[in-house]
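Novice: Each protein sequence line maps, in turn, to chains X and V. The opening residue of the first sequence carries number 1 in my numbering; numbering runs sequentially from there. The opening residue of the second sequence carries number 1 in my numbering; numbering runs sequentially from there.
For the record, the hints were derived by calculation from the structure and aren't laboratory data. Please read all numbers here as calculations on a predicted model, not as lab measurements. Be a bit skeptical, because a hint or two may be false.
Just a few of them, taken from the derived set where beta-carbon distance is under 8 Å, the chain V residues facing chain X [to be verified]:
hint, residue
1, P120
2, R132
3, C133
4, V134
5, C136
6, L150
7, G151
8, S154
9, K157
10, Q158
11, G159
12, D160
Backbone N, C-alpha and C define an ideal beta-carbon position, used for all residues, glycine too.
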Amino acid sequence: MKVTYYPGCTLKTKARNLEDSAVASMKALGVEMEELTRWNCCGAVHSLADDDLIHQVAPVRDLIRAMEQGSDAVVTLCSMCYNSLARANLIMKNDEVKRKTINDFMDEEKDYHGELEVLHFLNFIRDHVGWDKVREQVKVPLNDMKVAMYYGCTLVRPGNVSIEPIGDTKVMGEFLEALGATPVDFPMATTCCGSYQILGNPEAALDVSAAILESALARGAEAVILSCPLCEYNLAKTQGQLTEKQKLSKEVPVYYFTQLLALALGLDSEACRFDLNDHNCLNFLKSKSLVA
Amino acid sequence: MSQSESTPKKTQIATGDRAILPKGAKTIPIFIMGKQYEVPETLTIMKAMEFAGFQFLRGAGCRGGICGACPTVYRMPNDYKIHFGLACQTVVEADMYLAQIPFYPANRAVYKLEDIEARPDMINALYPELFRCVACNNCTKACPMNVDVLGYISALKQGDIARAAEISFDCIQCGMCASRCMGEIPQYHIAQLARRMYGKYIMPKAEHLQKRVDEINAGKYDGLLEKLQKMSHEELEKLYKEREREPDLAPNGTWVPQDAQYL
Numbered sequence: 001m002k003v004t005y006y007p008g009c010t011l012k013t014k015a016r017n018l019e020d021s022a023v024a025s026m027k028a029l030g031v032e033m034e035e036l037t038r039w040n041c042c043g044a045v046h047s048l049a050d051d052d053l054i055h056q057v058a059p060v061r062d063l064i065r066a067m068e069q070g071s072d073a074v075v076t077l078c079s080m081c082y083n084s085l086a087r088a089n090l091i092m093k094n095d096e097v098k099r100k101t102i103n104d105f106m107d108e109e110k111d112y113h114g115e116l117e118v119l120h121f122l123n124f125i126r127d128h129v130g131w132d133k134v135r136e137q138v139k140v141p142l143n144d145m146k147v148a149m150y151y152g153c154t155l156v157r158p159g160n161v162s163i164e165p166i167g168d169t170k171v172m173g174e175f176l177e178a179l180g181a182t183p184v185d186f187p188m189a190t191t192c193c194g195s196y197q198i199l200g201n202p203e204a205a206l207d208v209s210a211a212i213l214e215s216a217l218a219r220g221a222e223a224v225i226l227s228c229p230l231c232e233y234n235l236a237k238t239q240g241q242l243t244e245k246q247k248l249s250k251e252v253p254v255y256y257f258t259q260l261l262a263l264a265l266g267l268d269s270e271a272c273r274f275d276l277n278d279h280n281c282l283n284f285l286k287s288k289s290l291v292a
Numbered sequence: 001m002s003q004s005e006s007t008p009k010k011t012q013i014a015t016g017d018r019a020i021l022p023k024g025a026k027t028i029p030i031f032i033m034g035k036q037y038e039v040p041e042t043l044t045i046m047k048a049m050e051f052a053g054f055q056f057l058r059g060a061g062c063r064g065g066i067c068g069a070c071p072t073v074y075r076m077p078n079d080y081k082i083h084f085g086l087a088c089q090t091v092v093e094a095d096m097y098l099a100q101i102p103f104y105p106a107n108r109a110v111y112k113l114e115d116i117e118a119r120p121d122m123i124n125a126l127y128p129e130l131f132r133c134v135a136c137n138n139c140t141k142a143c144p145m146n147v148d149v150l151g152y153i154s155a156l157k158q159g160d161i162a163r164a165a166e167i168s169f170d171c172i173q174c175g176m177c178a179s180r181c182m183g184e185i186p187q188y189h190i191a192q193l194a195r196r197m198y199g200k201y202i203m204p205k206a207e208h209l210q211k212r213v214d215e216i217n218a219g220k221y222d223g224l225l226e227k228l229q230k231m232s233h234e235e236l237e238k239l240y241k242e243r244e245r246e247p248d249l250a251p252n253g254t255w256v257p258q259d260a261q262y263l
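Looking at chain X on its own, in the form it has when it is part of the complex (with noise of 0.2 Å):
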């Protein structure tokens, strides 16, 4: 089975934690990520309005890349790349008529039926490499690390695209176990982090980011993990505001999942990248002598 890795433009540019993280990691698992060689943004966004397919081009000329490729599956890590591409994917395989409509605009294309599954990262890990390999190759397990698992919205919404049946956490569970961390569910791991409304209406966004991190705190969460760089930017960079604004009780230090397991895997500062987090992630991880 060959899986083809689609980065999203993020990733390349604001979030090169989570990409530059998660390569290095696999490199040290043996796991070669073999990157789509030509690819557009994933559409971001997935539109809702029924009749709206022109949104959904994006994403399945993704898909269409990978095919030639001769790819069987993609494999991305932001959550919101996952859901867009997911969601275009089901689309091309359950709906007929919405099918023709985008392959016959895609003249230009070969027709695409939905051939390739889209896997996120997280399941990549668990299904095609396995946590026992993770667990064997750690070389620092995070042991005393109590990590929230913030999975938001779009890894787990809607149902059909869920990369485990929702209000399960068991796949980022077993995930800080086999790193040796303790995972904390809490009961906001699904809430959303407020996402765009951080621009048009940042009060609210700020409010409900203050209210997950609490959430996190309150069953004894240290940290948080998340795969998303809008949610990372709703709950880690707005963390100085909402101290300031006193909505937030005391700074969380926030990860890319990819950032903890480059770490127990013993990978370099290079590959963890923590230089793009805030501060407090790298000053948390020194109190744990988890990096010097």
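Starting from the known structure of chain X, arrange chain V on it as the hints suggest.
Specialist: Then chain V, alone, in the frame of chain X:
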């Protein structure tokens, strides 16, 4: 004309401002802005239009496929596809249905290259409409130079300025991409910004060139230029005719002129 009179068997279409059709030359029908004209086959669209009586005041430039002034849109019978080509490069076909688009208005941001850096967010700030792309690929299909327009737009969204500069290298700024864009993106202007950023800030600098520029600025050649300016026409002609020339087949970097004082 004397040459064609002495060799009457050779049919030749006289060139110049307007092609003159020899007897028996085959013509084909084309439709220019909806009106039918009979034009000689083998002509380019531009020559055919001039043959039909059109005179280009704008919409024609280099006539060599480089300047981008003469994009043409055309359709063929029984084909829903819209085709694009440069009028000076595309040969007419029978029943071609065409119109010229000499200029297409597109938003062009104002910036001083000295005041900006080669950073993706700088491009995003100058051209926020970049993110209106839905990857429909109409831009690529409209390009008469076969540039992967969606490819460089995607590269810019991914923050890869060098790649965008490379992919867009053949762009002649005709604007057909912008004419077809449902996101109203001025692709060709954004690509030009990317190439400017690449040229000024990313591409390795040619040190030998900078050295030569410094020498020029320091006045190394001022005396020589002054001497040339004072020469008579005859003296200049003599100097030119007697100049040392690099032999055509000299291996690269081996030839040195006798007089090397200005090197």
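Novice: Hints first: check each against the structure and report whether it holds.
Specialist: Right, here's what the structure says about each hint:
1. With 8 Å as the threshold, the beta carbon of V:P120 comes within range of chain X, its nearest partner Cβ sitting at about 5 Å, so the hint holds.
2. Checking V:R132 against chain X by beta carbon gives a least distance of about 11 Å; that is not within 8 Å, so the hint is violated.
3. Taken as an interface hint, V:C133 checks out: its beta carbon lies about 7 Å from the nearest beta carbon of chain X, inside 8 Å.
4. Taken as an interface hint, V:V134 checks out: its beta carbon lies about 5 Å from the nearest beta carbon of chain X, inside 8 Å.
5. Checking V:C136 against chain X: minimum C-beta separation of about 6 Å stays under 8 Å; hint holds.
6. The criterion of a C-beta within 8 Å of any C-beta in chain X is met by V:L150, whose closest approach is roughly 6 Å, and the hint holds.
7. Taking 8 Å as the C-beta cut-off, the interface hint given for V:G151 holds, the closest approach to chain X being about 6 Å.
8. At its closest, the beta carbon of V:S154 sits 4 Å from a beta carbon of chain X; the interface hint therefore holds under the 8 Å criterion.
9. Using the Cβ-Cβ criterion of 8 Å, the hint placing V:K157 at the interface with chain X is satisfied: the shortest such distance is roughly 5 Å.
10. Satisfaction of the interface hint for V:Q158 is found here, the shortest Cβ-Cβ separation to chain X being roughly 4 Å, below the 8 Å cut-off.
11. For the restraint placing V:G159 at the interface with chain X, the shortest Cβ-Cβ distance is roughly 4 Å, inside the 8 Å limit, so the hint holds.
12. The beta carbon of V:D160 is positioned within 8 Å of a beta carbon in chain X (closest approach about 7 Å), and the interface hint is therefore held.
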